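Take a look at the letters that make up each chain.
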Amino acid sequence: MKVELFKDFTIADYHKWLREEKISLPELIEAFLERIKSIDPDLHAFLEINQQAALTEADILVKGDSFDKELAPLWGIPIAIKDNICVQGLPTTCGSRILRNYRSPYNATVIERLKEAGAIIIGKTNMDEFAMGSSTENSAFGPTRNPFDLERVAGGSSGGSAASVAALEVPISLGSDTGGSIRQPASFCGVVGLRPTYGRVSRYGLVSFASSLDQIGPIARSVDDCTRVFEIISGKDEQDSTCAPYPPFSRNDIPTEEEIRKLKIGLPREYFSGEVEKGVLELIEQSIDLLRKNNLETIEVRLPHTDYALEAYYIVSPCEASSNLARYDGVLYGFREKEGEDLESMYLSSRTRGFGEEVKRRIILGTYCLSSGYYDEYYLKGMKVRTLVRHDFEQVFEECDLLLTPVSPCLPFNLGEKTKDFYQMYLTDIFTIPSAMAGLPALSMNCGYCDHLPVGLQIIGPPFREELILGLAGFLEKRLSLTPPFPNFHQ
Amino acid sequence: MDNYYVTIGLEVHCQLLTTTKMFCRCKTDYFGKAPNTLVCPVCLGLPGSLPVLNEQALRLAILTAQALNCRILPRVVFHRKNYFYPDLPKGYQISQYDLPIGVEGKIEFDFKGNREAVRIKRVHAEEDAGKLVHEGLNLPFGCSGVDFNRCGIPLVEIVTEPDLHSPEEARECLVMLRNVVRYIGVSDGNMEEGSLRCDANVSVSPSPEKMGTKVEVKNMNSFRSVFRALRYEVDRQVELLEKGESLYQETRHWDEARGITLSARGKEEAEDYRYFPDPDLLPITLEDSFLKEIKAAISELPLTRKERLMIEHELPENEANILVQDKTLADFFEEALKEFNQPRLLCNWMLTEVLKNLNEAGIDITESKVSPQQLAELLRMIDKGEISGTIAKGVLEEMFTTGLDAREIVSKKGISLISNEKELEKVVLEVVEKNPQSVADYLSGKEKALHFLIGQVMKETKGQANPEIVKDILLKKLASEE
Amino acid sequence: MERKVSLAEIKTIAKLSKLSFSEQELANFSEDVNSVISHFEKLNRLDLQGVSPTSHISWGQPPLNPDEAVVWENRDWVLEQAPEVCGRLIVVPKIVEK
Ligand SMILES: [Mg+2]
Ligand SMILES: [Zn+2]
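Chains as they are written, first to last, in this note's numbering: chain A, 1 to 491; chain B, 1 to 482; chain C, 1 to 98.
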């Protein structure tokens with residue numbers, strides 16, 4: 001069976017087919033494995049394919065369940081997992097040489113929940129090393145390419161998760177978002193990606209980059225699928241202190257179309273500036289018009305500290321990262337190299353050879369900003385600016401229900417285009433960073449194509465109001481009537 | 001020497017008596033366990049793992065701060081202390097920094113007849129590191145081993161202000177700190193086993209207005225070594241100043257075997273720990289009701305108890321002091337007192353015979369086979385004249401080994417006091433005949449000779465004679481000799 | 001561009017981070033850090049007097065662990081993966097105790 005058949009499928013469709021025995025579960029899994037085998041050498045979305053275990057899992061599911069009762073919510077659905085989320089027995093490299101041979105001895109909370117819901121882990125996806133980057137070019141194992149144009153980047157850091165879903169190597173995946181790492185690659189690959197409210201999904205088992213910003217979220221080919229995965233992974237967790245004491249998200253909370261028409265959509269002026277590529281801006285404005293035609297009210301709003309959020313982010317996240325990455329020292333796990341006989345040389349050579357350039361740059365930057373005499377000047381200042389950014393959003397959400405903005409100021413760029421100037425790369429996240437700094441939920445979805453390249457729009461909501469975001473996203477998806485991507489780069 | 005002002009501050013780490021570690025659910029009873037068996041992703045710092053604070057560790061840390069009269073800060077915030085060391089798997093220690101659990105406390109103790117009050121600067125909670133092993137277990141040459149069983153065990157760190165002015169005073173303060181943590185049950189405070197660790201800051205100065213150069217002394221593993229190390233360090237510093245040399249701010253290690261302190265780090269640059277709030281642990285707001293609930297558990301503290309024992313039971317200060325040093329000893333005393341209300345006698349027995357037996361067995365009172373009730377029964381038997389004190393000592397010894405009641409031992413061995421006057425008269429006659437000189441001495445007014453004669457009778461009867469009756473018979477007999 | 005971070009400082013920072021660099025790399029990283037730091041200057045335009053820092057995003061009291069033990073069954077896995085072990089000990093180059 002060819003996956004072309006499934007290109008417009010949602011999870012509900014797969015379940016229908018399975019139930020009607022139009023396809024068996026092992027056949028379905030085989031079809032995806034086949035697809036991966038055939039196209040991934042070009043795409044390089046995967047770092048590890050869990051072939052045998054996925055098939056075994058499928059057998060177990062088939063033997064264990066009968067079709068006459070209700071299937072588990074993600075029964076038999078293959079899912080790809082970003083390689084910074086721990087799956088017991090599988091590698092968790094975080095795209096880094098320093099963890100090249102590391103296999104996690106435990107499951108992340110989200111993995112436990114996915115397995116309970118019947119999902120089948122099909123592999124681990126490529127990413128920028130330790131999620132530091134916006135193009136997946138910082139992977140120690142080579143970049144992931146954009147399925148719409150193999151010479152372009154897939155975005156990052158969850159580039160592998162987004163590209164694999166866009167190319168239908170897998171119908172759904174998990175990514176992680178620190179400053180835009182789910183939303184930007186989702187935008188570049190024309191799929192749906194949700195960054196939940198900070199604390200809505202457990203981080204237990206997500207390898208920390210910047211703990212106060214990291215969130216796991218789903219990437220999918222439709223808003224509905226995104227919703228279904230989110231429903232499974234959300235909810236409090238006793239193993240994560242930062243996980244909010246909030247009930248899991250429920251699809252039943254999604255507003256009706258009638259209610260959606262009553263929403264007031266804010267358009268922050270700072271996000272529609274000259275920095276945005278014209279083609280991107282045009283498509284976003286088309287979507288806004290579409291909403292207006294459907295009687296939604298839009299208002300211009302101001303988020304005056306937007307311009308400062310990026311700088312604050314590049315203080316806060318390297319500070320936390322420099323400490324979070326101290327554990328990779330060659331002592332207990334991962335890469336160890338001994339140049340001399342002494343401990344110091346083991347530390348130095350393991351870390352110096354284990355980490356890539358961008359990671360080292362951020363470790364140095366973070367260590368500097370925390371070091372004696374600079375804490376107040378940088379770290380503390382960054383945290384204060386973060387407060388101002390939060391206040392901006394709090395005030396804006398008094399005036400409107402949701403915000404609509406571009407995801408990225410630019411279209412997917414060419415491989416190597418921004419690697420020379422790392423600050424240019426940092427700037428690609430200017431529209432995803434502020435909401436992350438405020439801990440807010442935000443979604444990226446395709447709103448059309450410019451020169452055959454997908455363009456994403458972003459919906460940002462108040463804390464724990466994912467149902468509004470997903471509601472509006474579904475409303476738009478229906479009216480934009482864009483089919484899920486199926487880039488045909490491989491003949 | 002007398003021209004110098006000594007200033008000492010203590011930094012004490014106590015292991016908290018929790019069942020599980022500070023941020024994970026691994027057990028804390030690592031003593032004697034195979035290496036790396038009490039571990040999990042969290043305490044090993046595996047990628048992706050996250051800490052969750054143990055509620056009991058929080059309670060015990062708060063309790064410690066409360067018992068030391070600290071002001072409790074309204075929010076509990078943990079910071080990361082960043083440094084690389086193989087026993088620290090995350091590359092940072094979760095500790096507290098500018099917002100400790102408690103600040104501005106004080107501890108009181110009696111020293112040379114005065115009530116001293118030392119200010120407590122701060123009390124904070126933190127996790128312990130793993131243990132390094134340097135030899136044995138077939139370690140390859142040129143290598144060390146790491147065992148993470150201890151890693152993540154909750155500690156409370158108590159920092160005093162530099163209010164101590166002699167090694168003796170510092171030792172007394174430390175003893176009181178140890179007693180307090182034991183009294184409130186937050187730690188077993190055992191220095192030898194490392195559940196209580198003490199570092200000290202020492203400085204000497206020719207003038208009380210100006211503090212001298214602060215030297216940190218580490219690696220002191222007993223109260224004795226704290227005292228010796230501080231004594232040594234004070235002398236060393238005075239000597240240097242006398243020679244006109246200057247002191248460095250440095251860390252020095254106490255070398256127990258050689259009895260000296262050695263510079264640890266030389267003049268290398270100070271560590272930069274880059275403290276910042278741990279983003280994995282949200283601050284906890286402490287409710288008043290929660291704090292009150294914890295405080296309610298504070299039992300009587302050693303100093304108060306000592307005073308009470310002195311007033312209620314008329315114990316001398318010295319003895320009361322020894323009793324309260326060890327909460328379990330004082331508990332035992334008060335328990336026995338319920339059934340044998342002669343505090344002075346009981347106290348004497350406790351501090352001599354009971355302690356002697358415990359020492360010989362190398363156990364502490366909680367492990368004793370003799371209960372307070374059993375001790376009380378033994379003392380009642382002496383009191384009623386059923387056995388002599390000498391006999392009782394032997395009986396107690398046996399009680400300690402067998403755990404049997406005094407009465408049982410006495411009846412089984414057939415030992416009880418010979419009160420039969422006929423029998424005793426016989427022995428008394430023999431003794432009087434054998435010791436004419438002593439009889440003469442007594443008759444010439446030497447009272448001491450009577451005690452000698454009584455002793456001889458006791459000796460003949462192997463201590464089984466009732467000394468009161470022996471005395472009566474002897475006096476009668478001697479009166480007839482006159 | 002005004003250099004805020006000296007080469008010597010970067011050396012110290014590298015040492016603190018347990019990273020070793022060639023002179024060329026040091027120069028590059030120092031330039032990178034200086035370039036980022038120069039962007040941070042922008043923050044000085046803001047009046048941050050009286051603004052409290054947001055170091056955590058918190059929506060309520062965090063969960064606490066009960067003081068009850070749970071044994072982790074997979075502990076030996078870690079030893080199997082460790083770079084060097086001796087029995088159950090993790091082996092590292094000889095440490096001269098600080
Ligand atoms: Mg400490
Ligand atoms: Zn543990």
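Calculated directly from the structure, the hints in this document are not laboratory data.
Bear in mind that the values here come from a model prediction, so they are computed numbers and not experimental data.
Treat the hints loosely; a few may be bogus.
Result set (BS3-like, lysine-lysine): computed pairs, CA atoms no more than 25 angstroms apart in a straight line [said to hold, decoys possible]: (1) A/338 with B/131; (2) B/356 with B/462; (3) A/420 with C/11; (4) A/384 with C/42; (5) A/338 with C/42; (6) C/94 with B/33; (7) C/11 with B/81; (8) A/384 with C/4; (9) A/338 with C/11; (10) C/94 with B/81; (11) C/42 with B/218; (12) A/420 with C/42; (13) A/7 with A/478.
One side only, chain B facing chain A, incomplete, derived with CB under 8 angstroms [as the list claims (entries may be wrong)]: (14) 50; (15) 52; (16) 89; (17) 361.
Backbone N, C-alpha and C fix where the C-beta goes; we use that ideal spot for every residue, glycine too.
Item to complete: Enumerate the violated hints, using their earlier numbering and listing them in ascending order.
Response: 5, 11 and 17
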